[in-house]
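A.B. asks: Protein chains in written order, with our numbering: chain A, 1 to 245; chain B, 1 to 292; chain C, 1 to 330.
Because the hints were derived from the structure by calculation, they are not lab data. Fair warning: this is a prediction, and the values are worked out from it, not measured in the lab. Hints may be right or wrong, so weigh each one.
[Claimed, not checked] Over 12 Å on every C-beta distance to chain C, these chain A residues come out as not near it, computed from the model:
(1) 95
(2) 165
(3) 182
[Said to hold, decoys possible] Quick look at which bits of chain C chain B covers, simulated, 3 or more residues with Cβ under 8 Å:
(4) 114–126
(5) 135–149
(6) 252–263
(7) 306–312
Ideal placement from N, C-alpha and C gives every residue a C-beta, glycine not left out.
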Amino acid sequence: MSGPPLLEVRALTKRFGGVTAVDGCSFAVRRGTITGLIGPNGSGKTTVFNLVTGHLPADSGQLVFDGRPVTRPDPGRLYRRGLSRTFQQPRVFGELTVLENLVTAAGHGWRALAGRRLGARDAARGDGLLAEFGLSAHRDTPAAELSYGQRKLLEFAALLMSEPALVLLDEPTAGVSPAMVATIERHVRARHASGTTFLLVEHDMGLVMRLCDPVIVLDGGTVIAEGPPDDVRSLPRVLDAYLGG
Amino acid sequence: MHEAVQAGVLGVLTGGVYALMASGQTLIFGVMKVVNLAQGALVILAAFLSHSLFTAWGVDPFLSVLIIAPLMFALGTAVQWLLLRPLHQDDAALLSLLVTFAVALGIEGALTLAYHTDYRTTRPAYVDRSWRIVGYQVGEVRLAAFALSLITLGGLWLLLSRTRFGRSVRATVQNPVAARLLGVETARVAALGFGLGAATAAAAGAVYGMVYSFNPNSHYDLISRLLSVVILGGLGSLGGTVVAALVMGIASSLVGALVSPVWSDFSFFVVLLAVLLLRPQGLFGARLRGAL
Amino acid sequence: MRRWPGRYGRYGRYGPGLAALVALAVLVVFPLAVSAPWLVTIGLFTLMYAALASAWNLVGGYAGYPSLGHAAFFGMGAYAEAIWWTHRTAGSGYGPFWTLPPIGLAVAAVAVPVAWVAMRTRTDVFAIVTITFLFVVQTLAFNLRGLTGGAQGVAMPVAPFAPATFERPFYYAMLALLVLALAMSYGVLHSRLGLALTAVRGDEDKARSVGVPVGAAKLTAFALSVVVTAMAGGVWAYYLSFIYPQFAVDPLLSIGMVLMVFLGGRGTLWGPVLGAFVVAPAQQYLAYRFGASQLYLLAYAALFVVVMLVMPRGALPTLRDRIRRAEARA
Numbered sequence: 001m002s003g004p005p006l007l008e009v010r011a012l013t014k015r016f017g018g019v020t021a022v023d024g025c026s027f028a029v030r031r032g033t034i035t036g037l038i039g040p041n042g043s044g045k046t047t048v049f050n051l052v053t054g055h056l057p058a059d060s061g062q063l064v065f066d067g068r069p070v071t072r073p074d075p076g077r078l079y080r081r082g083l084s085r086t087f088q089q090p091r092v093f094g095e096l097t098v099l100e101n102l103v104t105a106a107g108h109g110w111r112a113l114a115g116r117r118l119g120a121r122d123a124a125r126g127d128g129l130l131a132e133f134g135l136s137a138h139r140d141t142p143a144a145e146l147s148y149g150q151r152k153l154l155e156f157a158a159l160l161m162s163e164p165a166l167v168l169l170d171e172p173t174a175g176v177s178p179a180m181v182a183t184i185e186r187h188v189r190a191r192h193a194s195g196t197t198f199l200l201v202e203h204d205m206g207l208v209m210r211l212c213d214p215v216i217v218l219d220g221g222t223v224i225a226e227g228p229p230d231d232v233r234s235l236p237r238v239l240d241a242y243l244g245g
Numbered sequence: 001m002h003e004a005v006q007a008g009v010l011g012v013l014t015g016g017v018y019a020l021m022a023s024g025q026t027l028i029f030g031v032m033k034v035v036n037l038a039q040g041a042l043v044i045l046a047a048f049l050s051h052s053l054f055t056a057w058g059v060d061p062f063l064s065v066l067i068i069a070p071l072m073f074a075l076g077t078a079v080q081w082l083l084l085r086p087l088h089q090d091d092a093a094l095l096s097l098l099v100t101f102a103v104a105l106g107i108e109g110a111l112t113l114a115y116h117t118d119y120r121t122t123r124p125a126y127v128d129r130s131w132r133i134v135g136y137q138v139g140e141v142r143l144a145a146f147a148l149s150l151i152t153l154g155g156l157w158l159l160l161s162r163t164r165f166g167r168s169v170r171a172t173v174q175n176p177v178a179a180r181l182l183g184v185e186t187a188r189v190a191a192l193g194f195g196l197g198a199a200t201a202a203a204a205g206a207v208y209g210m211v212y213s214f215n216p217n218s219h220y221d222l223i224s225r226l227l228s229v230v231i232l233g234g235l236g237s238l239g240g241t242v243v244a245a246l247v248m249g250i251a252s253s254l255v256g257a258l259v260s261p262v263w264s265d266f267s268f269f270v271v272l273l274a275v276l277l278l279r280p281q282g283l284f285g286a287r288l289r290g291a292l
Numbered sequence: 001m002r003r004w005p006g007r008y009g010r011y012g013r014y015g016p017g018l019a020a021l022v023a024l025a026v027l028v029v030f031p032l033a034v035s036a037p038w039l040v041t042i043g044l045f046t047l048m049y050a051a052l053a054s055a056w057n058l059v060g061g062y063a064g065y066p067s068l069g070h071a072a073f074f075g076m077g078a079y080a081e082a083i084w085w086t087h088r089t090a091g092s093g094y095g096p097f098w099t100l101p102p103i104g105l106a107v108a109a110v111a112v113p114v115a116w117v118a119m120r121t122r123t124d125v126f127a128i129v130t131i132t133f134l135f136v137v138q139t140l141a142f143n144l145r146g147l148t149g150g151a152q153g154v155a156m157p158v159a160p161f162a163p164a165t166f167e168r169p170f171y172y173a174m175l176a177l178l179v180l181a182l183a184m185s186y187g188v189l190h191s192r193l194g195l196a197l198t199a200v201r202g203d204e205d206k207a208r209s210v211g212v213p214v215g216a217a218k219l220t221a222f223a224l225s226v227v228v229t230a231m232a233g234g235v236w237a238y239y240l241s242f243i244y245p246q247f248a249v250d251p252l253l254s255i256g257m258v259l260m261v262f263l264g265g266r267g268t269l270w271g272p273v274l275g276a277f278v279v280a281p282a283q284q285y286l287a288y289r290f291g292a293s294q295l296y297l298l299a300y301a302a303l304f305v306v307v308m309l310v311m312p313r314g315a316l317p318t319l320r321d322r323i324r325r326a327e328a329r330a
C-alpha cells in the first residue's frame, strides 16, 4: 500500500506527575495494514491510544489523521472522521439491546436526534453486522446479559457501523477463550480484506506474529523498533525490553 | 481602603469557619466518594443543640462542642452504616447522594418540629465584644472561632498523618481496593470517616450559631456555600478545601463590604460558575474519571 | 435468547394505548362527576405533580442527571405569568392560559445556558449545581423587589370563573400539561434522542466516543423538561392569583418531583405518573387536615430512604422484574 500514512504520530509526550508515560513517541500507520503495537507492561501503549483518540490531552506532539492535522483530538469528532477504538475492558451500553448498541454507534449528529429510534436503514445495517458477527440470536437481548467475549465482539461490531478507516483495538483478545480469539482474528482479517486499517495493541505474541505487519515496539514511552514481525522479534533491544533491565 | 482591609480580616476569620465546615465534607467525599448533602444540616443541627444547651443550662457554646461532637460522631457513623453502606448498585453514587439529601431533609423536618421556624442566635455575654488590633475591629467570637477552626483542623491533620486510623483513611481515599487487599477494613473506615466529618460539623455548628442567625431552613444556604468551597478547592483535597475556604471567605466579605451584603451570597455562585467553566477540577483536585 | 416485552426494551409502553385512553376519559370526567371542590383541588395538584414528575423524568430519569433544583424553573414560570398579568385584566379568564406556551419557551431558553454549564460535570456535582441554582433564584425572587415584589409577592388578576366550578379550568389546564409531558416522553423514548439519552445515562464517555451528540441530547432533554415545568408554574400562579417567593421557588417541590419519579420508576414512561398519583394526593390530604409542612419533610425524607434502600429502581421496574421472574419459573 503506498501513499501518505493514514495516521501519523509525531513526538507525542504525556506526563503524569513525575512519570513520563509517553516520551517523544513517533510512528506512522500506513493505509491498509494491520499494524501491531507491542511492548512490555507499562510501556505506554494504552496511553498512546488515549492520546490519539483524545481521551487524554497530550502535553506536546502532533497528530495527523487522513492527511489532515488533528488540532484538539476529541473522541466524538475523530469517530465521525473515521477513527474509532475499543477499550481494554469492553464498554457497551448494558441497558440497550444488542441491536440498539449498534444503532447508537452509527455516528449520527445532533440534527438526526428527532429521527426514529431504530430507523429502517440503521436497523438493516445493524442486522447485517449482527449476521456477520454471529450475534443475530441476541438481537433483542440487553447487552448487560452478554458474556465477556460476546461484549468484546459487540463493541467491535458496533464501531463498524460508522465504516471507520482506522480501528484501534486495545488488547482485543485479553481475557477471552481460545475459540473467541480465533473468531476475533477472523473478523479482523475479513474487515482488513475489505479495506479497513487496524492498529492493534496486543500481548498475545502468536497473534501479533500471524496478523500484524508492521510491528511497532514501544518501551518507556518511546518507539524502539519498527518493521516486519520476524525482523523485530529477534532484535536484541526488543528482547532486552521484554526480559528486563 | 480601610474598609477593604477590614472586610478582608473578617473574611479570613469567616474563611476559617468555612474551612472547618467544608473539611468534614471533603473527608467524607474522600472516604466514600459521595458528596454529603447533609453537611449543612449537620452544622445547623449542632447550632441548635449548642443553642439549647446554652439557653437551658448556660453551657458556653465553645464548651458545648465537647458534648455535641461525640453525639454527632455517633450519628454520622450510624447514618453511614445503616443508610449508605447497603447501597451497592451500579448507580450507588447517585443513590447515596440522594440518601444524604434525604438525611438533610429529615434533620430539617425534625428540627422544625422541635424548634419551629423562628430564627435564633446563640448569644453568650461576650458575643458583641471585639478587640482593636492594629486599628482593625476583630470580633472576639470570630477570633475564637478561627482559633477553634485552626485547632480542630490541626487535630484532624495530626489524626490523618500520625495515627494508624489516619493512615487507613488515607489509604482508603487513595485506593480502596488496594487498601482492602492490605487489610484495611474500608467499610469501617468509611463509617468512621463519615462520623468524623459529622463531628467537625459539631464544632462548626456551635460557632455558626453565635455568628449568624439561623433556622431549620438555613442548611440550604449553607450547603450551597460549602459546595462552592469544596468544588473550588477540588473534590477530595483537604488542603485545597482550606485554601478555597479562605479565598471564598475573603471574596464574599469584600463583595459584601464594597458592593452590598445581598450580593455577598452571590459571590459563591459566581465562583462556582467560574470554576465549572474554566477549571472543573478546582484549584487542587485531580481530574476524576468522567468530566470533573 | 430472551425477548424483552415491547419493541423498545425495558422502557417501552406499559399496557396497550387503550388503557391510557380509558384513564384519560376517567380523568376528563372526574371534575364533572364529583361535587366537592376540594376533591377537584386534590385532583388538580395531583395532575400538576404528575406533569412535573414526567417532565423531570426527561432529565433525571432518561438522561440520568438528577436535577435537584427544577423548582427554580417552576418559580420562574410562575413569576413570569404573574408579572405579565399583574396590571392587566383577565378578560374572559382564558387569556392567562394562552400566555403559557410563550412563557414555557422563554424559561426554557433561559434554562439552556444554565444547563450547559451545569451538565459539564459529573452527576453528583450536577445535583449540587442545581441546588445552588435553586437557592440563587429564590434569593433573586426575594431581592429583585422592583420586578418581583420581594417578600411581598406579586398579585395577578383573580380568574373570573364561577365559584362553584372555579377549579375546573385549572384542572383541565394541568391535565393538558400532563398529556403534553407524556407525549413528549413518549416521543423522546421512540426517537434517536431517547436512544442517545440511554447511552449517556449508561456510559457518557463511551457514548461520546461512538459519536453520540451528547451535549445536544442533554440540552434538548433539559429544555423540553423546563417547558412543561415552567408552564405548570404559570397555571399554579393563576390558580393562586398571589405568589410569594418561598412558595414559588420551593425546594419541597423539587424534592417531591424527585421522590415521585424514584418511587414510580425513573426512566419509564408511566413510573412518574404512578409515583405522583400515590404521593400527591397523600400530601394534599395531609396539608388539608394538618396544614403542617414539617410533617411532609419528615415523611418525604423517610419515604426517600425507604425507596433507595428497598426499591431503588422504583415500583414499575421492580414489579416488571418480579413478573418476569415468576413467568420464567412457571
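A.B. asks: I'd like to know which numbered hints this structure contradicts. Please list them from smallest to largest.
C.D. replies: 1
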